[in-house]
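**Q** Protein sequence lines, in the order shown, are assigned to chains A, B and C. For the first sequence, the working numbering gives the first residue as 288, with consecutive numbering after it. For the second sequence, the working numbering gives the first residue as 288, with consecutive numbering after it. For the third sequence, the working numbering gives the first residue as 288, with consecutive numbering after it.
I should point out that these hints are in silico values taken from the structure, not numbers from a laboratory. Do not take every clue at face value.
Label-pair distances were calculated between CB atoms; the ranges are [what the hints assert, rightly or not]: (1) A:386 to B:306: 29 to 39 Å; (2) B:298 to C:300: 33 to 43 Å; (3) C:300 to A:346: 21 to 31 Å; (4) C:367 to A:367: 42 to 52 Å; (5) C:319 to B:371: 24 to 34 Å; (6) C:332 to A:386: 22 to 32 Å; (7) B:295 to C:330: 26 to 36 Å; (8) B:371 to A:312: 16 to 26 Å; (9) C:388 to A:342: 20 to 30 Å; (10) C:291 to B:307: 57 to 67 Å; (11) A:346 to C:302: 42 to 52 Å; (12) B:306 to A:437: 33 to 43 Å; (13) B:288 to A:312: 13 to 23 Å; (14) B:291 to C:300: 46 to 56 Å.
Here are the computed lysine to any residue pairs in the SDA-like style, where the Cα-Cα straight-line distance is at most 20 Å [claimed, not checked]: (15) C:412 to B:316; (16) A:412 to C:412; (17) A:333 to A:304.
In this text the structure is predicted, and so the values were computed from the model without any measurement. We put the CB at the ideal spot given by N, CA and C, even for glycine.
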Amino acid sequence: MSVYEKLTALRITLPPIATPAALYVPYAITGNLLFLSGHIAKQDGKPWVGQFGLNMTTDRGKEAARSVAIDLIGTMHAAIGDLNRISRIVKLMVLVNSAPTFTEHHLVANGASELFGEVFGEPGKHVRSAFGVAQIPLGSCVEIELVAELR
Amino acid sequence: MSVYEKLTALRITLPPIATPAALYVPYAITGNLLFLSGHIAKQDGKPWVGQFGLNMTTDRGKEAARSVAIDLIGTMHAAIGDLNRISRIVKLMVLVNSAPTFTEHHLVANGASELFGEVFGEPGKHVRSAFGVAQIPLGSCVEIELVAELR
Amino acid sequence: MSVYEKLTALRITLPPIATPAALYVPYAITGNLLFLSGHIAKQDGKPWVGQFGLNMTTDRGKEAARSVAIDLIGTMHAAIGDLNRISRIVKLMVLVNSAPTFTEHHLVANGASELFGEVFGEPGKHVRSAFGVAQIPLGSCVEIELVAELR
Numbered sequence: 288m289s290v291y292e293k294l295t296a297l298r299i300t301l302p303p304i305a306t307p308a309a310l311y312v313p314y315a316i317t318g319n320l321l322f323l324s325g326h327i328a329k330q331d332g333k334p335w336v337g338q339f340g341l342n343m344t345t346d347r348g349k350e351a352a353r354s355v356a357i358d359l360i361g362t363m364h365a366a367i368g369d370l371n372r373i374s375r376i377v378k379l380m381v382l383v384n385s386a387p388t389f390t391e392h393h394l395v396a397n398g399a400s401e402l403f404g405e406v407f408g409e410p411g412k413h414v415r416s417a418f419g420v421a422q423i424p425l426g427s428c429v430e431i432e433l434v435a436e437l438r
Numbered sequence: 288m289s290v291y292e293k294l295t296a297l298r299i300t301l302p303p304i305a306t307p308a309a310l311y312v313p314y315a316i317t318g319n320l321l322f323l324s325g326h327i328a329k330q331d332g333k334p335w336v337g338q339f340g341l342n343m344t345t346d347r348g349k350e351a352a353r354s355v356a357i358d359l360i361g362t363m364h365a366a367i368g369d370l371n372r373i374s375r376i377v378k379l380m381v382l383v384n385s386a387p388t389f390t391e392h393h394l395v396a397n398g399a400s401e402l403f404g405e406v407f408g409e410p411g412k413h414v415r416s417a418f419g420v421a422q423i424p425l426g427s428c429v430e431i432e433l434v435a436e437l438r
Numbered sequence: 288m289s290v291y292e293k294l295t296a297l298r299i300t301l302p303p304i305a306t307p308a309a310l311y312v313p314y315a316i317t318g319n320l321l322f323l324s325g326h327i328a329k330q331d332g333k334p335w336v337g338q339f340g341l342n343m344t345t346d347r348g349k350e351a352a353r354s355v356a357i358d359l360i361g362t363m364h365a366a367i368g369d370l371n372r373i374s375r376i377v378k379l380m381v382l383v384n385s386a387p388t389f390t391e392h393h394l395v396a397n398g399a400s401e402l403f404g405e406v407f408g409e410p411g412k413h414v415r416s417a418f419g420v421a422q423i424p425l426g427s428c429v430e431i432e433l434v435a436e437l438r
């Protein structure tokens with residue numbers, strides 16, 4: 288199955304590319320590396336506000352991380368026109384909006400990691416850092432940055 | 288206008304390369320990528336101390352981020368001798384020293400992003416992650432890490 | 288001295304590759320760059336729990352960062368089979384689990400930076416960002432991500 292067939296099988300519709308909230312660009316290509324800006328979790332087009340350990344559960348966080356992964360795939364599609372050009376998801380940085388007591392960032396991040404595995408298969412396996420930050424722009428609960436390799 | 292003419296037009300004098308506060312180097316080149324260490328905001332040569340949501344305003348933060356961008360440009364000049372060798376500012380990571388209530392990291396980060404746009408023009412457009420951290424070395428209010436592409 | 292002779296001289300035994308706590312891989316190679324996932328500090332195989340400014344000292348943190356560096360070297364050995372293939376440690380991102388009052392992240396991070404200098408010599412010199420995060424998966428006190436260049 289191609290990446291697009293997998294997206295269809297998962298009933299995922301790619302969103303249009305997200306407009307950065309500020310003065311930067313959503314993606315940059317250098318050599319065969321595609322760098323994506325940090326994408327914040329959104330719900331109905333607005334920041335998905337919440338802080339883990341305070342007013343968000345790990346399960347909801349997994350959903351939020353999965354939704355960011357879909358937005359990242361949408362941005363990659365807009366950037367390169369054909370997702371099959373992605374030879375490897377190289378790296379995620381997963382920022383989890385955390386009260387100092389929350390320690391399940393890795394489980395939240397799995398919401399994104401699982402989706403990349405489902406959609407891209409073996410080339411979807413990536414290195415990752417996940418950790419708790421004090422806050423995220425606009426109060427969003429999760430922010431994810433990505434590096435991919437192009438063929 | 289060359290990059291240096293733009294710096295002059297903006298009345299920006301590049302500082303000498305910052306001495307790392309610890310056991311690392313200010314820059315590393317691999318292939319045609321230039322990686323810069325996280326640079327902390329300074330005022331009069333000392334850490335620009337402050338925490339957003341507590342004792343720093345967003346406007347002051349923009350100034351602090353702009354000053355870090357100038358320091359980063361100074362380090363790039365020292366690293367490669369000629370800023371016109373930079374074909375692209377690829378990526379910024381902007382760390383904002385935040386109380387858990389502050390949510391305008393993207394506006395603080397714009398202080399740096401705007402300057403890169405002014406100085407480098409189109410090649411100054413970059414991807415970016417900005418987020419709130421619990422603290423920054425020596426209590427500085429902003430820390431920025433950069434990746435650039437060399438021609 | 289080769290890298291392995293230096294490890295022996297320092298009486299360092301490389302651990303087996305760490306099993307990721309979640310759905311990602313410990314390393315990824317793209318071109319001649321080796322990316323490692325964030326590795327958390329462990330003690331006796333369990334997360335080395337602690338928060339600086341609350342219940343961890345800077346000196347203990349240096350030890351924790353050094354132990355993460357050893358784990359990272361173990362992962363690099365497992366990834367490429369021969370550590371002498373590393374032409375350069377390019378970059379560290381050092382996350383320090385911090386109460387909002389702690390400001391010595393750079394000193395904690397030195398525990399890792401020093402070890403890379405001792406083991407790899409000149410090619411061990413790297414760029415670095417070190418900062419305080421709100422929490423780290425499983426409550427670990429330090430997490431470090433690494434990029435290296437291969438020959």
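**Q** Output the indices of the hints that this structure fails to meet, ascending.
**A** Of the numbered hints, 2, 3, 4, 7, 10, 11 and 16 do not hold.
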